[in-house]
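Asks: Residue-level listing of the chains:
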Amino acid sequence: MRGQAERAGPKPINKGNAVAESENIVAETADKIFADLADAQTINHDKQGTWKAPLWQALTEAGLPLSWVHDDLGGSGASLAEGFAVLNVAGRHAIAVPLAETMLAGWLLAKAKIASPGGEMTVVPASPKDRITLNADGSLSGRTRGVPFAKDAKHFAVLASGNGGLSIALVDVSKCRIEAGIGLGGDHSDTVTLDHVQPAAIRPAPDGFDQTALMLMGGVVRSLQIAGALESMLDISVRYSNERVAFEKKISKFQAVQHNLARLAGESAAALAAATSAADAIVHATSFNDAVFLEAASAKIRCAEAAEKGSGIAHQVHGAIGFTNEHILHRYSLRALAWRDDYGSESYWAVELGKRVAERGADELWPLVASR
Amino acid sequence: MTAALRFDPIRLPEKCEQLRKEVRVFLAEEIAAGTFDPHSPNREDNDAPEFSRRVGAKGWLGMTWPKKYGGQERSFLERYVVTEEMRVANAPTRRFFVADRQSGPVLLKYAPEHIKMDILPRICRGEVCFAIGMSEPNSGSDLFAAKTRATKTDGGYLINGTKIWTSSAHIADYMIAIFRTSPPTKENRRHGLTQFLVKMKQPGIKVNPIGQITGQFEFNEVVFTDYFVPDDHMLGEIDGAWKQATSELAYERSGPERFLETYYVLTELVRAVGKNPDTRSAEGIGRLVAQVHTMRRMSVSVAGMLQAGKEPVVEASIVKDIGTVWEQQLPHRVRDLAAFVEETATNRETLEKQLDFAIKTAPKLTIQGGTTEVLRGIIARGLGLR
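Sequences listed follow chains F and B, in order.
When the letters of the first sequence are read in order and numbered with the numbering used here, they come out as residues 1 to 372.
When the letters of the second sequence are read in order and numbered with the numbering used here, they come out as residues 1 to 386.
Calculated from the structure, these hints are not laboratory results.
One thing to keep in mind: the hints can contain errors.
Among the chain F residues that face chain B by a calculated CB cut under 8 Å, a handful are [what the hints assert, rightly or not]:
1) L261
2) A269
3) A274
4) S277
5) V357
6) A358
7) L365
8) V369
Taking lysine to aspartate or glutamate and the EDC-like style, the derived pairs with C-alpha atoms no more than 16 Å apart in a straight line are [to be verified]:
9) B:K21 - F:D363
10) B:K275 - F:E364
11) B:K21 - F:E364
12) B:K275 - F:E359
13) F:K253 - B:E373
14) B:K275 - F:D363
15) F:K151 - F:E179
Some chain B residues near chain F, calculated using beta-carbon distances under 7 Å [what the hints assert, rightly or not]:
16) P277
17) M298
18) I318
Note that the coordinates shown come from a computational prediction; the quantities given were computed from them, not determined experimentally.
Just so you know, even glycine gets a beta-carbon here, dropped at the ideal spot from N, CA and C.
Can you make the complete structure from the sequences, with help from the hints?
Replies: Below, the structure is given as structure tokens:
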């Protein structure tokens, strides 16, 4: 907490974030690109979105969208940990291009050794309850809602179930029907329908990999982004409270405001701890076992809860100005709230986690928690 | 960036897991022998002196301290494992817990050598119980308003005044207390208090038990009347207790005891709902498990940073703030879900008894050892707000 509030410029990499700690170079590259090409104040006033293309190009040149794809499959072959650190930074900037989605899609395709094409991608399905089916003729069918950035994507990475088990496929977006929608955060969240679509490539999913594993990975991605957005909400709320004067003093001097900000710090801390722990668990795991399930589901649940409590406090501290389009707060608050819904909401994962805990039995709960 | 809050994803090292097994075996044997009932946190008498000695004999008290004082020179992460296993099992730790966590480290840092050689090995053997003399009738959260006087006399100090809400004073052998040796100064209202080691069960000290809403008599009023403390029992700098009181707080605030106090009701709820919970119970349990897992990961992270020689004061305050609020709400959330437990659940009565006790316990959790309000003030200072 040393090094205080006043600085308003680009934020340095949080060296304390352990996911980032050994992975600074990739995350620092990402941070610099976001600061240069996606400054929140600047892009908030650019309603045309002219900043998006240069940002995407710079991210692509730095190899970030395909961080998790080995170079022989067209990617840049960064480690899982490096990619997770990039996503935490992306959350801190509330990035509105499909970086996280493309990374996740590349990761999924790489599971089946399918090369990633260039350009934006997103994963289908994006919800644990939707299913895409592999038909007997080798085509894919199904309908899935709430697919982030589907409208902006060139390709989908699809997980489909057929008689022979699960397959992973690369699908050209132009072959699918997209009903465009805008999510809570202002980014595309679309309904995608595949009607006997022939994939560009398809291969069996590896043993032990299933839709739950994909959704858990997606959940950890979103958790890191939410944690990042909360860090920024804390940062700009503290800064604002030290500038805004009411009743003849800075509002940061009011105990009620201080205690609200202390609670926001707690929610931000809980989200960061849950998300980085789950990311670390996946980095070191050999499969999506019970321990990874606990970590990843918990991260999504706790980060989503923190998004609700934390964004509420950030808005309360800002008062009316934070409720305007002019102000940047909503870029973080609404995205953090929107991200709760992707790859399974917190209530969905809570039910699944609760069922697993009950199945294991009361006396196995503490050993599971303590094993982490 | 305002707040470089650190919560590194620290994992307990492999050797901790061997230790955890040993602790579980030990506790299972104690339970089998009837020392305590893990399902009953509400024991009439939480003081278990023989159990305390057996824990000491295992080498699990003062385990991070130097060997010459009876310690094991093990890591804070190993101590963490022992603490959390005891807490989850509802083991009767009252007799040794304060000495092990807090008083021993204060003595290590500030006591003269002959006192360290005398007392620390006895703490490690589980033979002595400590209390902490902080609050007074007109000084609670406002620690530095303490008025109990230590007046200089030949060879030592005479103590007059009253400490209150002093946990375990009725069974304690020693107390580490702060007394007023000088008035506060204009520049520093925290000036003038000095830390002393007090031997209990002596003339000049009267301990009056205070009944609590749980039905327990855990805390006390302690009245000092011309009680003599020798010079060598002064700990640290005269008039300078305020410099000493804050540095140990990270240890005191971030341990597993700061979110596991009412954990037993969650275990019992899982038992009561059985293998096939309805959606509402499953969701409720899932959220509570996600929350306790996150709390623990935060707490282990702070323990790891302490072990690495860092001073995560703000992070530790955050752990205690959200940990104690969580353990306070837990019995109420479990009660919500218990309403749907089948009449046939075999542990229904146990769960109801536990809830009754946990709900009575809950109010104290955000008061003892630094109130929520004090903690949020510390966090706010760390954020640069004050």
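Asks: Does each hint hold? Answer for all of them.
Replies: Verification of the hints:
Taken as an interface hint, L261 (chain F) checks out: its beta carbon lies about 6 Å from the nearest beta carbon of chain B, inside 8 Å. Nearest Cβ of chain B to the Cβ of A269 (chain F): about 5 Å, under the 8 Å cut. The hint holds. The criterion of a C-beta within 8 Å of any C-beta in chain B is met by A274 (chain F), whose closest approach is roughly 4 Å, and the hint holds. About 4 Å separates the beta-carbon of S277 (chain F) from the nearest beta-carbon of chain B, less than 8 Å, and the hint is met.
Restraint check, V357 (chain F) versus chain B: the minimum CB separation of about 5 Å is within 8 Å; hint holds. Annotation: interface hint on A358 (chain F) holds; nearest CB of chain B at approximately 5 Å, less than 8 Å. The beta carbon of L365 (chain F) is positioned within 8 Å of a beta carbon in chain B (closest approach about 6 Å), and the interface hint is therefore held. Against a cut-off of 8 Å between C-beta atoms, the interface hint on V369 (chain F) holds, since the closest Cβ of chain B lies about 6 Å away.
Of the pairs offered as hints, the one joining K21 (chain B) and D363 (chain F) holds, with about 15 Å between alpha carbons and a cut-off of 16 Å not exceeded. Between K275 (chain B) and E364 (chain F), the direct Cα distance comes to roughly 12 Å. Compliance with the 16 Å bound is thereby established for this hinted pair. At most 16 Å may separate the alpha-carbon atoms for a hinted pair to count; K21 (chain B) and E364 (chain F) meet this at roughly 14 Å. A distance of roughly 5 Å separates the Cα atoms of K275 (chain B) and E359 (chain F); the hinted pair therefore holds under the 16 Å criterion.
Among the hinted pairs, K253 (chain F) with E373 (chain B) is consistent with the structure: their alpha-carbon atoms are about 15 Å apart, no more than 16 Å. Between K275 (chain B) and D363 (chain F) the CA atoms are separated by roughly 12 Å; this keeps the pair inside 16 Å, and the hint holds. Among the hinted pairs, K151 (chain F) with E179 (chain F) is consistent with the structure: their alpha-carbon atoms are about 8 Å apart, no more than 16 Å. Because the closest C-beta pair between P277 (chain B) and chain F is about 5 Å apart, less than 7 Å, the hint holds.
For M298 (chain B), the interface hint holds, since its Cβ comes within 7 Å of a Cβ in chain F; the closest pair sits about 4 Å apart. Residue-level restraint check for I318 (chain B) holds (minimum Cβ-Cβ distance to chain F is 5 Å; threshold 7 Å).
Checked against the numbered hints listed earlier, the structure breaks none of them; every hint is satisfied.
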